[in-house]
Amino acid sequence: MSKHSFLEIQGLKKSYPGQTKGEETVIFEHANFNIEKGEFICVIGHSGCGKSTILNILAGLDEASDGLVFMNGKEVSGPSLERGVIFQNYSLLPWKTTLENIVFAVRAKWPHWPKEKIIEHSKHYLSLVGLDHALDRKPAQLSGGMRQRVSIARAFSTQPELLLMDEPFGALDALTRGVIQEELIKIWSESKQTVFMITHDVDEAILLSDRILLMSNGPHAQIAESVTVSIPRQRKRTDIIHHPDYYKIRNHLVDFLINRSKDLSGVATQVTAGQQPKTINLAS
Amino acid sequence: MLKSLNFKATIVAFLLLVVLLGSWEWMNQKPQATQALSEYELLMGGASQQAQVPPPSEIIKLAYEELSNPFYDAGPNDKGIGIQLAYSVYRVLVGFFLAALVAIPVGFLIGMSPLMYKALNPYIQVLRPISPLAWMPLALFIIKDSELSAIFVIFICSIWPMLLNTAFGVSNVRKDWINVAKTHQLSPIQTAFQVILPAAAPTILTGMRISIGIAWLVIVAAEMLVGGTGIGYYVWNEWNNLDLASVIFSIFMIGLIGMILDMILAAAARFVSYQE
Ligand SMILES: Nc1ncnc2c1ncn2[C@@H]1O[C@H](COP(=O)(O)OP(=O)(O)OP(=O)(O)O)[C@@H](O)[C@H]1O
Ligand SMILES: [Mg+2]
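From first to last, the protein sequence lines are chains A and B. Going by my numbering, the first residue of the first sequence is number 5, and it counts up by one from there. Going by my numbering, the first residue of the second sequence is number 8, and it counts up by one from there.
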């Protein structure tokens, strides 16, 4: 090992006590992967395989049963403002307005900034997601798409080194999702933050990420493969489908989800402790 | 549609008032002088008149007199209704705010810490069902001051709804919001004030609203016991004077002030409420 990666996950495992005493249900184990600075990583896997659990462990909101997480060579323990989280259900504070929700985050990050600077900074991030007109509305008065935009603005406004997103667009309709995906690409390409995102949407993963981690089914789920998305940026939803690699990658992902994810599940897998996921590069 | 509903409701309410007051007035007419009185009634010197519940007209007349000079003070046994009510409101507010000062922080503690919940719950369950008036003799003995004892009784009866509602509200704050506080690295104090308090505020205010209602119920009884001043004492005193018109008038005033206290807290509750 010559150089450390930005984020290193080593032998991560999560288990819960089983029904009978002494028995345990292993959700996933032997999770090993590295993420480089500035990478956009998507994770795909069937429901219940433990994606959210991994994300919560990275966020410091949940504890692993075994294994280690290093960021910048330092072990992660507990939540930190250096790891921003976008929750699936937006998690805005409903008694605060749009602007106040962002100010809340910005003030938490830079408590010594003067008030004007905090507000200016917050407004900047809200304008990036096109919400200048809704500063004084409460979350209940916003549509689902608008709420998720606020939540994205809140996460980016604190400029965390690592952004964790748990199915951020899962609850949105296809049209809104497309628009917000493009906004996300725009903000991300300016900030070049490292992103770890969970999704169920294969096309979304190809559009957004540099690499896609594939998880096999639980229990005893594994991070089985790491698929490189060999389509150059700037990607547009309408253009990438014409790229020769697009359907190769898409078919590989779909095949994994439908056929291979269940074969790889269970204890009888070839993944052993310390083994990195198989790298797949389908570039022509 | 809504406007016309309100309008109809007002008309129905008004009609009801007319019917109620009308029948009350009609049923309680004083016997006419021209009517032949029985020998017994003559002997009793009109005692049957005394036994009549006074009709609304008499009470309205009294209300007008009382309310045109509510704050007169003509010695310990003759004070205006305003002064008596002010004494009661003062005791209720002091007892209530002292209770809030204890109940809300302790409720926070219980709501946040399962250990404290388990440790304090037995005490709460035993103390809560005790009628606040049962504390009165003990309070009088220990405090040796009827004024403070009345306040103590208010304190003890307002504490429980606030305590339990605060604990409930705090322990039921959505996990997501706590996670937001965590990922923004808020300190425990910051989390308490910036996330938990606003999130639990509507529930806490519901508790406060229940408490002030109970406190207002209890103060009347407490003042009947300790005497001296206050609307409770006033009602009892007028009953001893057999001045039923004053008794009925003060019953209405108790209802009115109770409603105003409740409305103030309802407004506060609306102020902190939020829509999810
Ligand atoms: N407290 C618990 N006790 C036992 N099992 C649990 C507990 N919490 C979660 N699990 C199990 O852990 C597994 C992983 O949950 P997780 O939420 O991480 O799944 P996921 O991959 O994010 O699923 P989805 O795609 O549906 O969000 C699930 O099978 C769930 O049943
Ligand atoms: Mg999940």
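What the hints contain is simulated information worked out from the structure, not anything from laboratory work. Please note that the accuracy of each hint is not assured.
To be verified - Listed below are the simulated SDA-like cross-link pairs for lysine to any residue, each with C-alpha atoms no more than 25 Å apart in a straight line:
(1) A:K142 with B:L116
(2) A:K190 with A:Q92
(3) B:K182 with A:Q163
(4) A:K127 with A:N93
(5) A:K142 with B:A273
Claimed, not checked - Covered by chain A, per the in silico footprint, the following chain B stretches (three or more residues, Cβ under 8 Å):
(6) 75 to 89
(7) 108 to 117
What the hints assert, rightly or not - Now the stretches of chain B that chain A is said to cover, found in silico as 3 or more residues with beta-carbon under 8 Å:
(8) 66 to 72
(9) 198 to 207
All values reported here derive from a predicted model rather than from experimental measurement. Each residue gets a CB set at the ideal place from its N, CA and C atoms; glycine is no exception.
- Query: Is the hinted pair K127 of chain A and N93 of chain A satisfied, with a Cα-Cα distance of at most 25 Å?
  - Reply: At roughly 22 Å apart (the allowed maximum being 25 Å), N93 of chain A and K127 of chain A satisfy the hint.
- Item | Agreement of K142 of chain A and A273 of chain B with the hint, judged by alpha carbon distance not exceeding 25 Å | holds (21 Å)
- Query: For the region 198 to 207 of chain B, does the count of residues with a C-beta closer than 8 Å to a C-beta of chain A reach 3?
  - Reply: holds (count 4)
- Hint consistency between K182 of chain B and Q163 of chain A [alpha-carbon to alpha-carbon, up to 25 Å]: holds (24 Å)
- Message: Taking beta carbons only, do three or more residues of the region 75 to 89 of chain B come closer than 8 Å to chain A?
- Response: violated (count 0)
- Is the Cα-Cα distance between K190 of chain A and Q92 of chain A 25 Å or less? holds (20 Å)
- Query: Are at least 3 residues of the region 108 to 117 of chain B within less than 8 Å of chain A when you compare beta carbons?
  - Reply: violated (count 0)
- Query: With a Cβ-Cβ cutoff of 8 Å, does the region 66 to 72 of chain B contain at least three residues near chain A?
  - Reply: violated (count 0)
- Task: Please work out if K142 of chain A and L116 of chain B have their alpha carbons no farther apart than 25 Å.
- Result: violated (29 Å)
Of the numbered hints stated above, those contradicted by the structure are hints 1, 6, 7, 8, listed in ascending order.
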